[in-house]
Every structure is written in structure tokens, then in C-alpha cells.
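Asker: Take a look at the letters that make up each chain.
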Amino acid sequence: MAREGESRSFRRKFCKLCFDKVDRIDYKDDRRLTRFITDRGKIVPRRISGTCARHQSQITEAVKRARILALLPFTSEQYR
Amino acid sequence: MKTYETTIIFDPGLEEARINEEVDKVSQSISQASGEIVEVQRWGKRKLAYNIRKRRDGTYIHIKHKSPPELIGEMDRRFRLNESVLRHLTVLAVKESPRVEEPGRPAEPAAAEAVHAVSPNMEEKV
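Residue numbers (our numbering), protein chains in the order written: chain A, 1 to 80; chain B, 1 to 126.
Worth double-checking, as some hints may not be accurate.
Said to hold, decoys possible - Simulated pairs of lysine to any residue, SDA-like, Cα-Cα distance not exceeding 20 Å:
hint, chain 1, residue 1, chain 2, residue 2
1, A, K21, A, R54
2, A, K28, B, N82
3, A, K28, B, L92
4, A, K28, B, G35
5, A, K42, A, S76
6, B, K95, A, R40
7, A, K28, B, E83
8, A, K64, A, R54
9, B, K95, B, P69
10, B, K54, B, E83
11, A, K64, A, R35
12, A, K64, B, E83
13, B, K45, B, E16
14, B, K64, B, A49
15, B, K47, A, K16
16, A, K42, A, K21
17, B, K45, A, R31
18, A, K16, A, R31
19, A, K28, B, L48
20, B, K54, A, Q78
21, A, K16, A, Q56
22, B, K95, A, D29
23, B, K64, A, R35
24, B, K64, B, G35
25, B, K47, A, R40
In case anyone wonders, no lab produced these hints; they're calculated from the structure.
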């Protein structure tokens, strides 16, 4: 986002979860977690999503748990 | 005694009565071990993100309970042996930190949220 615009469309990334004042991310909340995985089912890295360290580690933990419970995919259907 | 959250995915073909039976069995084993059921949530039939044992859906049951740690291993063993359980996961419940909004210092020290028992049948993945 910031890189390609070459200073013109530069916009500082911020942690959306801090912005929403989320205290703790729950592995049962798959609706929220889908925002932090790619269409392939990968966890979006911090450098892309701009999440803070605290929330990123919570996301990672939650996504992994949600995958075990088949709430989220390990990988998307068509790449299997 | 610790508070745990156990989620169980049952075979979608199981009828209501059978599931109730299974849930009763679990709650009995908890109370026998002098534990305590805090809450039972029935999420009902949900679509699975990927097929487990060729099933597309599963019936989800979520139990919050206080149990002695020794019971968790035993519970895990039973779920593995139980053919109608597609998947299960037990984690330590997060203590709901009293939301004291101190300026600059968010209430945090309840972060003791470690995974205790995870046992998916790995061979079904990918």
C-alpha cells in the first residue's frame, strides 16, 4: 500500500484491533478472524496488516485453534 | 481446579437424543471428578471449513467447566476412542479480567492462556 504509491498515497498503517479497542481475540470468533487470513487460508503477516505485536500473537493463536475446530480452513479448497 | 473450555464436534448424522446422551456422559465424568459445569453452549449444525472423515458438517457443543487437570487427559482419551466425535479441543479458559480502564495501562495480567490438550487427528489434514 505505502510502497507502491511512492509517497503520494502514503498512509500509515495502524492496528485495527487496537483501534477497535479489542481486549482479547477469541478463537470462536471466526467471523473476525477471517479478516486476518488470506484467501489461501494463510495468516496475514504483520507487515501487511499492520497489526501490533500483542494482537498479532493473539491472532496467530486464535487462528490455529480455529483451524483445529474446522472453523477456519488450513488451506482453501481449490489449492488442495 | 482450573476452568477449561472444551469444544466437541459430533457426527452430523447423530440425532439430538444421542448427542444429549454424550453430553450427559461428559458432564457426569466432570462432576464425578468433583468438577463443575459452568456453561453448555450448543452451536448446532455448522458447516466445516474442511471435510473431517468425509463429513461436511458437524454438530458443535461447547462446554465451559471447572475440572481437576488430571481429568483433561482422561477426557481426551475418551474422545479419541469415541467414534461419533469428529474433533475436540480443550483449552484453558481466559479469565475475564475485570475491565478497569486505567489510563495508559490496560488491564492485562490475566494472560495465562496456554493450550493444554490439543489432539486433532492430523492425518486428515491437507
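Asker: Give a verdict on every hint.
Answerer: The hints, checked one at a time:
1. With a C-alpha separation of about 12 Å, the suggested pairing of K21(A) with R54(A) holds against the 20 Å cut-off.
2. Note on K28(A) and N82(B): the hinted pairing is violated, with a Cα-Cα distance of about 23 Å set against a maximum of 20 Å.
3. Of the pairs offered as hints, the one joining K28(A) and L92(B) holds, with about 14 Å between alpha carbons and a cut-off of 20 Å not exceeded.
4. A C-alpha spacing of about 24 Å is found between K28(A) and G35(B), which places the hinted pair above 20 Å, so the restraint is violated.
5. Proposed proximity of K42(A) and S76(A) is supported: the alpha carbons are some 9 Å apart, at most 20 Å.
6. With a C-alpha separation of about 33 Å, the suggested pair K95(B) and R40(A) falls outside the 20 Å cut-off, and the hint is violated.
7. A C-alpha spacing of about 24 Å is found between K28(A) and E83(B), which places the hinted pair above 20 Å, so the restraint is violated.
8. Our distance criterion of 20 Å between C-alpha atoms is met by K64(A) and R54(A), whose separation comes to about 16 Å.
9. Distance check on the hinted pair: K95(B) and P69(B) sit about 16 Å apart at the alpha-carbon level, within 20 Å; holds.
10. Under the criterion of a C-alpha separation no larger than 20 Å, the hint pairing K54(B) with E83(B) is consistent with the structure, at around 14 Å.
11. Proposed proximity of K64(A) and R35(A) is supported: the alpha carbons are some 14 Å apart, at most 20 Å.
12. Taking the CA atoms of K64(A) and E83(B), the gap is near 24 Å; set against the 20 Å cutoff, the hint is violated.
13. The hinted pair formed by K45(B) and E16(B) meets the criterion: a straight-line CA distance of about 11 Å does not exceed 20 Å.
14. A threshold of 20 Å between alpha carbons decides the hint, and for K64(B) with A49(B) the separation of about 23 Å lies outside it, so the pair is violated.
15. For the proposed pair K47(B) and K16(A), the alpha carbon gap of about 28 Å is over 20 Å, so the pair is violated.
16. At roughly 24 Å between alpha-carbon atoms, K42(A) and K21(A) are farther apart than 20 Å, so this suggested pair is violated.
17. Distance restraint check for K45(B) and R31(A): the Cα-Cα separation of roughly 17 Å lies within the 20 Å cut-off, and the hinted pair is therefore satisfied.
18. Among the hinted pairs, K16(A) with R31(A) is consistent with the structure: their alpha-carbon atoms are about 15 Å apart, no more than 20 Å.
19. Using a Cα cut-off of 20 Å, the hinted pair K28(A) and L48(B) holds, with the two alpha carbons roughly 13 Å apart.
20. Of the pairs offered as hints, the one joining K54(B) and Q78(A) holds, with about 17 Å between alpha carbons and a cut-off of 20 Å not exceeded.
21. A threshold of 20 Å between alpha carbons decides the hint, and for K16(A) with Q56(A) the separation of about 11 Å falls inside it, so the pair holds.
22. A distance of roughly 17 Å separates the Cα atoms of K95(B) and D29(A); the hinted pair therefore holds under the 20 Å criterion.
23. A C-alpha spacing of about 27 Å is found between K64(B) and R35(A), which places the hinted pair above 20 Å, so the restraint is violated.
24. Between K64(B) and G35(B) the CA atoms are separated by roughly 11 Å; this keeps the pair inside 20 Å, and the hint holds.
25. Restraint check for K47(B) and R40(A): the C-alpha separation of about 18 Å stays at or below 20 Å, so the hint holds.
Hints 2, 4, 6, 7, 12, 14, 15, 16 and 23 from the list above are not met by this structure, while the remaining hints are.
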